[in-house]
Amino acid sequence: MIVAILRRVVTMALTLLVISALVFFIIKLPPGDYLTNRIMELRASGEAGSVAKAELLIRQYGLDRPVWQQYLMWVGLMPGPVGFSGLLQGDWGWSFEYDKPVADVVGDALWLTLLINLTAVVFVHVVAIPAAIYSATHRHTFGDAVVTLLGYVGLAVPGFLLALILLFYANRWFDLSIGGLYDSALTNQPWTWPKIRSLLAHLVVPTLVIGLGGTAAMIRRMRANLLDELAKPYTVTARAKGLPPMRALLKYPFRMSLNPFVADIGNLLPHLVSGSVLVSLVLSLPTVGPLLLDALRSQDQFMAGFILMFVAGLTLIGMLISDLILVWLDPRIRMGER
Amino acid sequence: MSPLLSIRDLAVAFRTETGPFEALHGLSLDVMRGRTLALVGESGSGKSVTAQAIMGILPKSAAITRGQILFRDGPEATDIARLDTEGSAMRAIRGQRIAMIFQEPMTCLSPLHTVGDQIGEALRIHTGADRKESDARTQEALARVGFPDPKRALKTYPFELSGGLRQRAMIAMALILKPALLVADEPTTALDVTTQAQILALLARLQDETGMAILLITHDLGVVANIAHDVAVLYRGRLVEAGPRETVMRAPGHAYLKALLHAVPRFDMAPGERLTPIRPARAEIPPAHQPPAMPAGPLLRVENVSKSYTLRAGRFWQKSRMVHAVSDVSLSLAAGETLGLVGESGSGKTTVSKMVMRALDPDSGKILFDDGTGPRDVHGLTGDALFAYRRTVQFVFQDPYASLDPRMTVRQILSEPMEIHGAPAAERKARCRELMAMVGLEASGLGRYPHAFSGGQRQRIGIARALAPRPRLLVLDEPVSALDVSVQAQILNLLKDLQAALGLSYLIVSHNLAVIDYMADTISVMCRGRIVEEAPRAALFRRPVHPYTRALLAAVPDPSLDHPLDFAAITGDQNDPSRWEAPYRLGPDEAGAMRAIEPGHRVRFSTAQDAEAA
Numbered sequence: 001m002i003v004a005i006l007r008r009v010v011t012m013a014l015t016l017l018v019i020s021a022l023v024f025f026i027i028k029l030p031p032g033d034y035l036t037n038r039i040m041e042l043r044a045s046g047e048a049g050s051v052a053k054a055e056l057l058i059r060q061y062g063l064d065r066p067v068w069q070q071y072l073m074w075v076g077l078m079p080g081p082v083g084f085s086g087l088l089q090g091d092w093g094w095s096f097e098y099d100k101p102v103a104d105v106v107g108d109a110l111w112l113t114l115l116i117n118l119t120a121v122v123f124v125h126v127v128a129i130p131a132a133i134y135s136a137t138h139r140h141t142f143g144d145a146v147v148t149l150l151g152y153v154g155l156a157v158p159g160f161l162l163a164l165i166l167l168f169y170a171n172r173w174f175d176l177s178i179g180g181l182y183d184s185a186l187t188n189q190p191w192t193w194p195k196i197r198s199l200l201a202h203l204v205v206p207t208l209v210i211g212l213g214g215t216a217a218m219i220r221r222m223r224a225n226l227l228d229e230l231a232k233p234y235t236v237t238a239r240a241k242g243l244p245p246m247r248a249l250l251k252y253p254f255r256m257s258l259n260p261f262v263a264d265i266g267n268l269l270p271h272l273v274s275g276s277v278l279v280s281l282v283l284s285l286p287t288v289g290p291l292l293l294d295a296l297r298s299q300d301q302f303m304a305g306f307i308l309m310f311v312a313g314l315t316l317i318g319m320l321i322s323d324l325i326l327v328w329l330d331p332r333i334r335m336g337e338r
Numbered sequence: 001m002s003p004l005l006s007i008r009d010l011a012v013a014f015r016t017e018t019g020p021f022e023a024l025h026g027l028s029l030d031v032m033r034g035r036t037l038a039l040v041g042e043s044g045s046g047k048s049v050t051a052q053a054i055m056g057i058l059p060k061s062a063a064i065t066r067g068q069i070l071f072r073d074g075p076e077a078t079d080i081a082r083l084d085t086e087g088s089a090m091r092a093i094r095g096q097r098i099a100m101i102f103q104e105p106m107t108c109l110s111p112l113h114t115v116g117d118q119i120g121e122a123l124r125i126h127t128g129a130d131r132k133e134s135d136a137r138t139q140e141a142l143a144r145v146g147f148p149d150p151k152r153a154l155k156t157y158p159f160e161l162s163g164g165l166r167q168r169a170m171i172a173m174a175l176i177l178k179p180a181l182l183v184a185d186e187p188t189t190a191l192d193v194t195t196q197a198q199i200l201a202l203l204a205r206l207q208d209e210t211g212m213a214i215l216l217i218t219h220d221l222g223v224v225a226n227i228a229h230d231v232a233v234l235y236r237g238r239l240v241e242a243g244p245r246e247t248v249m250r251a252p253g254h255a256y257l258k259a260l261l262h263a264v265p266r267f268d269m270a271p272g273e274r275l276t277p278i279r280p281a282r283a284e285i286p287p288a289h290q291p292p293a294m295p296a297g298p299l300l301r302v303e304n305v306s307k308s309y310t311l312r313a314g315r316f317w318q319k320s321r322m323v324h325a326v327s328d329v330s331l332s333l334a335a336g337e338t339l340g341l342v343g344e345s346g347s348g349k350t351t352v353s354k355m356v357m358r359a360l361d362p363d364s365g366k367i368l369f370d371d372g373t374g375p376r377d378v379h380g381l382t383g384d385a386l387f388a389y390r391r392t393v394q395f396v397f398q399d400p401y402a403s404l405d406p407r408m409t410v411r412q413i414l415s416e417p418m419e420i421h422g423a424p425a426a427e428r429k430a431r432c433r434e435l436m437a438m439v440g441l442e443a444s445g446l447g448r449y450p451h452a453f454s455g456g457q458r459q460r461i462g463i464a465r466a467l468a469p470r471p472r473l474l475v476l477d478e479p480v481s482a483l484d485v486s487v488q489a490q491i492l493n494l495l496k497d498l499q500a501a502l503g504l505s506y507l508i509v510s511h512n513l514a515v516i517d518y519m520a521d522t523i524s525v526m527c528r529g530r531i532v533e534e535a536p537r538a539a540l541f542r543r544p545v546h547p548y549t550r551a552l553l554a555a556v557p558d559p560s561l562d563h564p565l566d567f568a569a570i571t572g573d574q575n576d577p578s579r580w581e582a583p584y585r586l587g588p589d590e591a592g593a594m595r596a597i598e599p600g601h602r603v604r605f606s607t608a609q610d611a612e613a614a
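Chains as they are written, first to last, in the UniProt record's numbering: chain Y, 1 to 338; chain E, 1 to 614.
Careful: at least some of the hints might be erroneous.
Unchecked claim - Looking from chain E toward chain Y, a few residues come up when the C-beta cut is under 10 Å (computed): (1) Ile57; (2) Ala92; (3) Met106; (4) Thr107; (5) Cys108; (6) Leu109; (7) Ser110; (8) Leu112; (9) Thr114; (10) Tyr157; (11) Glu160; (12) Met170.
Unchecked claim - 30 Å max Cα-Cα, derived DSBU-like pairs, lysine-lysine: (13) Y:Lys251 x E:Lys178; (14) E:Lys155 x Y:Lys251; (15) Y:Lys232 x E:Lys155; (16) Y:Lys53 x Y:Lys28; (17) E:Lys155 x E:Lys132; (18) E:Lys178 x E:Lys366; (19) E:Lys496 x E:Lys354; (20) E:Lys178 x Y:Lys232; (21) E:Lys60 x E:Lys178; (22) Y:Lys232 x Y:Lys100; (23) E:Lys151 x E:Lys132; (24) E:Lys366 x E:Lys354; (25) Y:Lys28 x Y:Lys100; (26) E:Lys151 x Y:Lys232; (27) E:Lys132 x Y:Lys251; (28) E:Lys496 x E:Lys429; (29) E:Lys60 x Y:Lys251; (30) E:Lys496 x Y:Lys232; (31) E:Lys151 x E:Lys178; (32) Y:Lys232 x Y:Lys251; (33) E:Lys132 x E:Lys178; (34) Y:Lys251 x E:Lys151; (35) E:Lys178 x E:Lys155; (36) Y:Lys53 x Y:Lys100.
Please keep in mind that the hints were generated in silico from the structure rather than gathered at the bench.
Idealized CB from N, CA, C, for every residue including glycine.
Work the whole structure out from these sequences, hints included.
Encoded structure:
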């Protein structure tokens, strides 16, 4: 088992390396980069002083060297002008657009992104699982139809529209400030109780908006899975033993129907970052989605590269977690592993 | 003696889209204490519905519309038909006083929970026992049903067990609370004959020990003749015959039971005797276009073929294990004849058939096919020659439900093999109609989807599909074992008629000895990847020589009351070569050798004595 995990970790590291190469070269594919574009702009407007600073940056980050050397320096496999300083050493690079280290730009946004989206994921599961169980056990009843209808409404309403409507009413009824994750007055304050409370209040709308679409899809899939499992003979066996219906349901068919969802965790984590860009823009949430979009547009290469690597890392970690849970959950996989 | 369970005027109706459908029309019967009542009938006769009504586990679309199910467990009778199926009174009976075992021991156990957990669960919910107590009692129960290592079995998962052990686990689960009544729904249908005999013996022994009553649902009259005390025959939701086994089986009064007795292959059939299907089916088979070229020798020759698989190592310091699925198998099939391959599950018979199909490559040995142009090695074929071979050998699958694409119409299903082999559209169209007539189906069915057909009809479609590209050889893998008794005879007769009219050769693989006996001209018996006995049909099952063949035959339950199974003789180690009697006994790595004991009748003997003598 431990051997298997170690083997997986090694494969993951290799995969990350391959991804990093792909990410870097794809970002470098369009001609030029942020700095050369900037220099051209500055020359045109005749600001010679700034040009010198930009050229300094070019040399500092080795942007005048061949692409493969830039890549190795970015990863940290080759010494740059200031020695080994790349992703492996924990230096995430410099954001030219913000003129700050990437770590400073992304910092809070990273954790807030995870917070918002994990809340949404929890919301999806807490709502979808009971709804799906109800829907599957009361198939073709009025209740099933209502759950299904609500689910489809959630699926069909565009997220940004729902976001705007909810923002409007939250502001009107609960006097919540529009946009952001906390009151703008608290932006540069330390994390104290009023700020946390403000954060929690502001989390409600994004959670609902991001979660509702996923909830509908999950209810439908879970319902279908459960219906398949409910028809299986071992469910009948459980009833024939005299198990109360809900206990029988949760112990046997429900547990069987979980597998595909656990297998999905790997896809869930990266989706957390990239899936809610539009909603984040509309709600002006300080998450990494909009940052990634800007960075890609302005060819801010280290910023874009880091966010993409972060997403890739999340995917691989998600896959590992889902595989480990599957092994723990399903003896058939566990026995096959050995 | 008073009956333990009395069903009176029971009616069960299903809600369907076309209105209510009554599956049981006023059934009355009694299950006596300590006795076994066999409920016999084809699928759709209402026997499973009866069991579900007793257990209170009818599907949601079904309901008891009238009648009583009186269960006399205590001093007073309880009417199960009146109880709320999910209420506490019913749940106290279900699993505790009335328990049930099912047909498919694999799918009836959850693969995610240990055997010990699932068996002890009934104990925990009904008596409130804790884990420790339930584990101890479960271990006892496992020992009672014959688990070799009950303590270890607690922690095993169902997929680690063989079919027979799984069914034993199911029985342990049903009997752990010593119920008054056991409902057994086709408990041995999915098992090998030898395993079936062991499970039947086990049920009889447990009944002696505990005095429980058994309601046995089955379509196999051989099983009925061997363990039932009383028999009730259901036909279309009505009881047509009931009484003690002796009366019912010796002098069947009702035409249906008589018909049922003649619809299954038996060993005492006269040569050339045909089965009489319960509902006759007509098929119009046109003569073959031109008689196919006849090979000089056999059509198919399998020569010393072996195939082994490497299992992944258990732990990384262990060596990987080799499993010899097929060892040194030789077979020969003449044009227009049928070769039967018989053996228990895991004996390698399916692997052989897959190698003939060229779905698997043998590790060593040759498979030669001769369509009249001289024998050619099947596994050396490439390009056009391989393409042509694919056309001449076709497969009929066991499960007619899973082997037809539900999203294709019958016309598409039948046309596809012809399209692949390049038949023009007009010819395909005509051929589809011809094929439907050949298998006794209406041409109007061509535009419909498989779900519109019954199991027997689907198997006919499967046969028609196999015949579409005009093959020479059909590989039949358990062609009737998934079908109801009432249609098995139809399918077997159809296959015989097709063979006579079209000059087809069949390789038929089955664990059902009576089916093989009815169909085959020559029979090879396989055990652990080796052929242990081969002979013409007339010799093999009449004068079996090898201990394995004899054990298989001894385990087949006969519908006649004069040939009861000898349960004591069935030990379960018939497939262990080191337990075979003297001239046949094989050492751990010994292959033995086939020797002719009469023309065409060859048996595997040990060669150890020869080595000593030499």
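Check whether the Cα positions of Lys496 of chain E and Lys232 of chain Y lie no farther apart than 30 Å. Violated, at roughly 36 Å.
Check whether the Cα positions of Lys53 of chain Y and Lys100 of chain Y lie no farther apart than 30 Å. 14 Å, holds
Hey, Lys178 of chain E versus Lys232 of chain Y, does the alpha-carbon distance stay inside 30 Å? Satisfied, since the Cα-Cα distance of roughly 26 Å is no more than 30 Å.
If you draw a straight line from the CA of Lys155 of chain E to the CA of Lys132 of chain E, is it 30 Å or shorter? The hint holds at about 13 Å.
Distance restraint between Lys132 of chain E and Lys251 of chain Y, which requires alpha-carbon spacing of 30 Å or less: 20 Å, holds
Hint validity - Glu160 of chain E Cβ closer than 10 Å to any chain Y Cβ: 7 Å, holds
Can the restraint linking Lys155 of chain E and Lys251 of chain Y be considered satisfied, given a maximum Cα separation of 30 Å? Measuring from Cα to Cα gives roughly 18 Å; hence the hint holds.
Are the Cα positions of Lys496 of chain E and Lys354 of chain E separated by 30 Å at most? The given pair, whose Cα atoms are some 23 Å apart, holds under the 30 Å limit.
Interface hint compliance - Met170 of chain E to chain Y, C-beta minimum distance less than 10 Å: For Met170 of chain E, the interface hint holds, since the closest Cβ of chain Y sits about 8 Å away, which is under 10 Å.
Are Leu112 of chain E and chain Y close enough, Cβ to Cβ, to be under 10 Å, as the hint says? Holds - the Cβ of Leu112 of chain E comes within 10 Å of chain Y, reaching about 6 Å at its closest.
Verify the proposed pairing of Lys178 of chain E with Lys155 of chain E, using a straight-line Cα cut of 30 Å. Distance ~23 Å between Lys178 of chain E and Lys155 of chain E Cα, so the pair holds.
Pairwise hint evaluation, Lys354 of chain E against Lys366 of chain E, where the allowed Cα distance is 30 Å at most: 14 Å, holds
When the structure is compared with the earlier hints, violations turn up for hints 18, 22 and 30 and for no others.
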